[in-house]
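Turn these sequences into a full structure, and let the hints steer you where they fit.
Each residue of the sequence shown is one higher than the last, beginning at 97 in this note's numbering.
Be aware that one or more of the hints could be misleading.
As the list claims (entries may be wrong) - With a cut-off of at most 35 Å between alpha-carbon atoms, the simulated DSBU-like pairs for lysine-lysine come out as follows:
{"id": "1", "residue 1": "K186", "residue 2": "K285"}
{"id": "2", "residue 1": "K198", "residue 2": "K186"}
{"id": "3", "residue 1": "K107", "residue 2": "K285"}
{"id": "4", "residue 1": "K198", "residue 2": "K210"}
{"id": "5", "residue 1": "K107", "residue 2": "K186"}
{"id": "6", "residue 1": "K198", "residue 2": "K285"}
{"id": "7", "residue 1": "K210", "residue 2": "K107"}
{"id": "8", "residue 1": "K186", "residue 2": "K210"}
Said to hold, decoys possible - Computed beta-carbon distance windows for the label pairs:
{"id": "9", "residue 1": "A247", "residue 2": "W169", "range": "12 to 22 Å"}
{"id": "10", "residue 1": "G294", "residue 2": "E164", "range": "34 to 44 Å"}
{"id": "11", "residue 1": "L170", "residue 2": "R106", "range": "15 to 25 Å"}
{"id": "12", "residue 1": "A150", "residue 2": "G294", "range": "54 to 64 Å"}
{"id": "13", "residue 1": "T130", "residue 2": "Q191", "range": "15 to 25 Å"}
{"id": "14", "residue 1": "D168", "residue 2": "A247", "range": "35 to 45 Å"}
{"id": "15", "residue 1": "D197", "residue 2": "L222", "range": "25 to 35 Å"}
{"id": "16", "residue 1": "K285", "residue 2": "P116", "range": "29 to 39 Å"}
{"id": "17", "residue 1": "R105", "residue 2": "D162", "range": "42 to 52 Å"}
{"id": "18", "residue 1": "A150", "residue 2": "L170", "range": "10 to 20 Å"}
{"id": "19", "residue 1": "F99", "residue 2": "K285", "range": "34 to 44 Å"}
{"id": "20", "residue 1": "K198", "residue 2": "E157", "range": "34 to 44 Å"}
Note that these hints are calculated values from the structure, not bench results. Treat the numbers as computed from the prediction; the structure is a model and nothing was measured. By construction, the Cβ of each residue, glycine as well, lies at the ideal position given by its N, Cα and C atoms.
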Amino acid sequence: MEFQDVVRRRKMIRNYAETPVDPAIVERAISNATRAPSAGFSQGWAFLVLDTPADVRRFWEATTDDLEAPDDWLTGMMRAPVVVLPCSSKAAYLQRYAEPDKGWEDRAEARWPKPFWHMDAAMAALLILQTAVDEGLGSCFFGIPPLRDQAVRRAFGIPDDFDPVGVITIGHRVDDEGAAGSPSRRVRKPLDDVLHRGTW
97 MEFQDVVRRR KMIRNYAETP VDPAIVERAI SNATRAPSAG FSQGWAFLVL
147 DTPADVRRFW EATTDDLEAP DDWLTGMMRA PVVVLPCSSK AAYLQRYAEP
197 DKGWEDRAEA RWPKPFWHMD AAMAALLILQ TAVDEGLGSC FFGIPPLRDQ
247 AVRRAFGIPD DFDPVGVITI GHRVDDEGAA GSPSRRVRKP LDDVLHRGTW
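Written as C-alpha cells, this is what we have:
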C-alpha cells in the first residue's frame, strides 16, 4: 500500500471479527516499531504481545468488571485476537544519558523537558498502527484505566522499570459504517486551523 494511503486510512477500529491474525504480521509490526525515533538511541521500549485467546481474555479480566455483560464497545474490542502493550522505560533513558558520550552523570529526571521515554514508545505504537493498516487490518490505541495498572502488571509480570503507555488491539475489522466514535461526530480540523508558519 502507498504510504499516503496508509496515513489516510488509519483510524481507530473498535469492532473486530474473531478471525486469527497471521503471527508474521504481528512480528513485522513490532519490528517496524523498533524503527521509531529514540532519544540517544536509548531504545527504552518493550512490547508485550498477547495473541492467544487465554492471554487476551486475561487482559480484559484485568481491565474491566463487565466481561459478562459488556457494552457495544467492549464487545467489539474483545473480539480482537491480538493485544499489544507498548511499554517505556524511564530508567533506560536516565542510564543512557549518564554514559560518557552524553555525560549527565547525576541521571536527574529534571534535565528532561518532556518524558521522551513515553514519547518514543508512543511513536513506536504509531508504527504498529500503520503496519496494521498496511496489512489490511484494523487497530485501536487506548489507555489502561489508572486503577487497573497494577492488575495488568501482576497478570503479565511487567517489571517495575517499564510502564505501559497504552494498549493496541489488532484484528480483522468489521465494517460498520454506523460505528459511534469521535470521528463520526466531529469533523477533522482544516489544515489552515492547525498550521502556523513563522509565528502563531
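Q: Find the hints from earlier in the document that the structure breaks and name them by number, from lowest to highest.
A: 6, 10, 14, 17 and 19
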